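One line per chain: the protein sequences are A and B, in this order. The first sequence begins at 1 in our numbering and counts up one residue at a time. The second sequence begins at 1 in our numbering and counts up one residue at a time.
Don't take every hint at face value.
[To be verified] One side only, chain B facing chain A, incomplete, derived with CB under 10 Å:
#: 1; residue: Glu62
#: 2; residue: Asn200
#: 3; residue: His217
#: 4; residue: Gln275
#: 5; residue: Ala359
#: 6; residue: Leu360
#: 7; residue: Gly361
#: 8; residue: Val460
[What the hints assert, rightly or not] Label pairs and their calculated CB-CB ranges:
#: 9; chain 1: B; residue 1: Gln474; chain 2: A; residue 2: Asn489; range: 37 to 47 Å
#: 10; chain 1: B; residue 1: Arg103; chain 2: A; residue 2: Ala50; range: 48 to 58 Å
#: 11; chain 1: A; residue 1: Gly341; chain 2: B; residue 2: Asp371; range: 39 to 49 Å
Hints in this document: simulated from the structure, not taken from any laboratory. Just so we're clear, the structure is a prediction, and the values are computed from it rather than from any experiment. Positions of the beta carbon are idealized from the N, C-alpha and C atoms, including for glycine.
There are 2 protein chains.
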Amino acid sequence: MRSSERQIAEGILFTDQYQLTMAQLYYRMGLHEKRVQFDHFFRQYPDYGAHQAGYCINAGLEWFLDWMQEARFREPELEYLSKQTGRTGSPLFAPDFLDWLRRHGSFEGLTIRAIPEGRVVHANVPLTVVQGPLAMAQIVETSLLNHLNFQTLIATKAARIHDSGRGRLLLEFGLRRGHGKGANAGTRAALIGGADFSSNVGVSHVLGYPPKGTHAHSMVQLFMSLGMSELEAFRAYAQVYPDDCLLLVDTIDTLHSGIPNAIRVFEELRRKGHQPVGIRLDSGDLAYLSIQAAKMLDEAGFPDTSIVLSNDLDELVILQIITQISQEAPRYGVDPDRLIGRLVYGVGTRLITSWGEPALGGVYKLVAVYDQGRWIPAIKISDSAAKTPNPGHKLVWRIYDRRGNATADLLSLDDEDPRRMDRLVLRHPSDPMMFRVLSREEITEIEPLLVDVWIEGKLVYELPSIEEIRAQRQADVARLDPGVRRLVNPHLYHVSLTQRLWDLKQELLRSAMDKSR
Amino acid sequence: MRSSERQIAEGILFTDQYQLTMAQLYYRMGLHEKRVQFDHFFRQYPDYGAHQAGYCINAGLEWFLDWMQEARFREPELEYLSKQTGRTGSPLFAPDFLDWLRRHGSFEGLTIRAIPEGRVVHANVPLTVVQGPLAMAQIVETSLLNHLNFQTLIATKAARIHDSGRGRLLLEFGLRRGHGKGANAGTRAALIGGADFSSNVGVSHVLGYPPKGTHAHSMVQLFMSLGMSELEAFRAYAQVYPDDCLLLVDTIDTLHSGIPNAIRVFEELRRKGHQPVGIRLDSGDLAYLSIQAAKMLDEAGFPDTSIVLSNDLDELVILQIITQISQEAPRYGVDPDRLIGRLVYGVGTRLITSWGEPALGGVYKLVAVYDQGRWIPAIKISDSAAKTPNPGHKLVWRIYDRRGNATADLLSLDDEDPRRMDRLVLRHPSDPMMFRVLSREEITEIEPLLVDVWIEGKLVYELPSIEEIRAQRQADVARLDPGVRRLVNPHLYHVSLTQRLWDLKQELLRSAMDKSR
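Next comes chain A alone, as it looks inside the complex (with noise of 0.2 Å):
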């Protein structure tokens, strides 16, 4: 796609076709500027298939507030639609709409709460409650849908990763695997869940993080193509980077030539007063080399140098390195915690995709309509109960326990406030034998989740910085119970009701059953 398309196909036509033909039947039915709201939430966790995750880390707000701002109705766009025909040749989008959309086809009626980027979010929760006319409420769907599955998905891979590398250096490295330009969106989401730096220059400069790398395979093949050896690639690379000297060593043989090589490089490079970084590991067992690969560099004098590894690793690989090392490091006379505590992970394909699990389920459902002076929920009744939707306006409230930790999200009508409660009954968003009811001394904080970001049109909300985000991501995950938090099998958070508002979903589960008998 050459760059003047890129306008049209990820500006405000970055939608569903059908948000547009549904927009031209409200505007048909002159309910298009009816007041209504819907609200973004994920059904379940991402199930890597042997493993699940217990919580998720919210990312892409501010990318997609950036496409809010920008994305509007432009001459170029509604040319094209006033061109869509339908079976019979004739227009599918007729004049008056199409001058409806010219004059009022922007996101300035619609206001947006949103739980911020880098918080630790649950299953069933609102993340994003969107008010405004119908229209344009609906037509903004898909891009916002797009903007935060997608980085949440991989802000919640980096976190698990993070985890299983006990919150070593992690580094993004899935440029050339990721999903197109997505790729970017996926860096970024990957620095706010867990990753310390990406090898991905262009976003790394945007976000204002130094890019890392160093060296391919291909230049030790260069150089041995060329009659030089690779001992003789890596003294030209300490030569040009004598400060920044990190060898991948497995050209050949990990060994018998790559650690060899690179220790001579290195007491060369002390020699004359520099310090060499360290070395990676991109093939083979990687726990045995490192251990390995440890004992050289430790023997050698060089035992603060990092062991970079990488090669399709993900949290659960990193899992098993750290255990195998843990049972294995001794017998080789090196120490576990001293080699786990220089390791650096580059994790590529498997962070950037989010393998087993490409995709967050995240929807966006109608659940109110203001009409003849109030909000009206909305339910949708084919649903079973575990999937039906929590109706109406509601707040989100984190409860946390007598250690700190967070205990339970709550939803409460919006004229509810729990810190005002003595006692706090938290009921089971659809099972009526499931309760919990917790007292005042039981509970240390009560926070509420949700901020105006977006009221009437205008950006009220100020973006926090991406190190502001990593640090909101580091305080919740460490104040998750560390069932929750666990990589494998994690313990199910409480996502609960108030009474209030489970009352209120029955009753409507009931009128709306009695109305469609």
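Could you slot chain B onto chain A? The hints should help.
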């Protein structure tokens, strides 16, 4: 990301940092303009877990070439690089190197041959061959892999889904679950591989395809929240789109509300002289419901309306639906073949993300270096025999058997022409015991696959239209052996070497082994 930042993030810095650090090293060593060859290929077909591809559909070239034509080092990029620092705080990139990038940092020196888009392609066959000055041939790697890996991945998935649906209409619905802006590239690839239309408005416009879509559950819900009924919602839709009336029938109860209401509206439309289009089923047992829907529509006199199926479809789900219909439909007096013939598939998440295998492991390997007046093949010996890339300059030929089916892809040296050989010896790429001999009579056609695309910085290739690419895909898939085309456990397609290429590879391996000892 704001559009002003996009130029940085999606331009020439849409690459990995190590490409730039290696480029500077080559500059420093005087090697940056040495001519080299890199081959781009994939080693394994996508493996979706319970099923695996036996072929891929090549895609992504045009958008990669678009990128190449626009990407260059401008002042903002050079200024950014000049500000990057190493560990000691001194600049990472020196002024003389940046000046070289300013003057020569374009793709003008590159020459690219490639297999066209839409062609069936196989593992270990060079899909794209890049020759040119080392520094720029290295810098282009990341973007080349990003563009070609992703679109080939999605075109392949689309071809499988299209095949499983017996070639019936396939709609791409994945924008909300795609990976950010990469969803647009995914839509293009889906259209190449087998989707007929997409819901994605913007990119459909850019590609010249009418986008498809009608309405969502939210439309019916909205009407109901306002005290109206599903029937009234359907009527409103039919009134606005009398000739394009396709109704989503599962908001309340598919069999007892949705379909009967749709039929009432269809009857009203018919009385007014309009032809209703059909219904969409988005939940429940799609096989069972489509049989019942067909029966009800037939009985009401609408035997030609479409039945659109959606909801987490992929090739195996569609295969199962069709199998179930074949077995169950007769029991209800419904002709299964007629029913299968009126089905339309709307496929979202599992197509746009290539569910089960969300990345194609395409690689870009140094295979030759031009030195002292001749090309020297390069080899990386730490790889296993099966993983060792085929060295040097090569041509790619497709051999068709007596039935006109593709029976093997043959890699030859660049001065070999198998069309002039009396008999062909097809050597297995790594196993010395495996080879086939084909006589002239067993062969109906030998076709070269690589075409000149980009010569010394100029696009020399007339880019085919999407329609032409689709026709190529259709022709190539039709000439596959049914065993290779199989969805599950496909037969392995032969990719072979000529005797001379085999001999060269063995010789290089021996000499590289000797050198590394």
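Can you list which hints this structure breaks, lowest number first? 8
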